Amino acid sequence: DFTVWNIRRYGKSMNRKQRLIHNLGTDPVCLPLLLAGASVQQQGVLVELGTYTGLSSRCLSYGLSTITKDKLGKEAYHAFDVFGHDQNNFEKISRSMPWIYDVQPDFTVDSSYRWLWHLAVQDIYPDAVGHEGLINATTLYPRMWQKRRIDVLSVDSAKTWSAFRDQTAGIQRPYMLRKGAILILMDFSTIDTQIKLLYSGCLRDYLQPVYSSFCRGEQWIFVATKTFSLGMVGACMEDYLNNNAEPTDAQYHDMLEFAKADVDFMDGLFSKPHDNMKEERKCLLNKLHNEMHESAAHWKFLKIQ
10 DFTVWNIRRY GKSMNRKQRL IHNLGTDPVC LPLLLAGASV QQQGVLVELG TYTGLSSRCL
70 SYGLSTITKD KLGKEAYHAF DVFGHDQNNF EKISRSMPWI YDVQPDFTVD SSYRWLWHLA
130 VQDIYPDAVG HEGLINATTL YPRMWQKRRI DVLSVDSAKT WSAFRDQTAG IQRPYMLRKG
190 AILILMDFST IDTQIKLLYS GCLRDYLQPV YSSFCRGEQW IFVATKTFSL GMVGACMEDY
250 LNNNAEPTDA QYHDMLEFAK ADVDFMDGLF SKPHDNMKEE RKCLLNKLHN EMHESAAHWK
310 FLKIQ
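Going left to right, the sequence shown walks through residues 10 to 314 as my numbering numbers them.
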């Protein structure tokens, strides 16, 4: 039963009645994540940056589990997270999952919760590999999965564009994603630099949005229409701004027109746009418009450094 409620329950090794996976707004995107996981090919891998307690991982794993073993390479899923040592996450877990002390009585802010992530995925896709620690060029690199191509990249660990660039530095050469790959940005609509890059056209040249949680969440999903690396995006931004501090009024107008086209496309992806989505579309466009103009000084961070 692939309802989100059932997916939120930990596996059979736990008391499923009470022990739900705490999540930070993953519910709206769980089923799209499942579909993304199901798209991984035999010579490809799924890479997730930032797992928290594992609900997004469980949704992705369900997708992987639909692929027959002969069509999926070994250890096709690699997840990266610090898995602890964060006061904010510790308080959220302690408050929302008090049963954790029945399992690990000495759970503290310094405790690793990678075992929670394993509980979330091991009964669905046992080959999943969890990497604990900071994400950077020395901990995230293609040899970890025998240089197989990345078919799905999910990012929830980078809260700024510079952090995204730094965390993925080890997978940029020669390319980060190839044509046809799926990119999931779990915080897209709250990171103004990502929106600026997309609708300047510099990121939009390589990515087609295919899913948005609209104003119910921050998650967007893209399909790579061309093979690319982030260096190519930065070079584009140099030309786009042309020594200006921010875009011209005409460029801002074009950005909003791009956004309108994408919102209409995503709303009508499987049918004609619905009238009952009118307010959702309006809400999302207002959000995108505000983020495009938010913190004009941030444009300078998008050029090649």
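Each hint should be verified, as a subset may be incorrect.
BS3-like, lysine-lysine: derived pairs with alpha carbons at most 25 Å apart [said to hold, decoys possible]:
(1) Lys-80 / Lys-156
(2) Lys-269 / Lys-156
(3) Lys-269 / Lys-287
(4) Lys-168 / Lys-287
(5) Lys-168 / Lys-83
(6) Lys-235 / Lys-188
(7) Lys-168 / Lys-80
Since the hints were derived computationally from the structure, they do not count as laboratory data.
On a predicted model such as this, the values are computed, not experimentally measured, just so you know.
Taking the hints in turn, this is what the structure says about them:
no. : hint              : result
1   : Lys-80 / Lys-156  : 17 Å, holds
2   : Lys-269 / Lys-156 : 38 Å, violated
3   : Lys-269 / Lys-287 : 12 Å, holds
4   : Lys-168 / Lys-287 : 29 Å, violated
5   : Lys-168 / Lys-83  : 31 Å, violated
6   : Lys-235 / Lys-188 : 5 Å, holds
7   : Lys-168 / Lys-80  : 34 Å, violated
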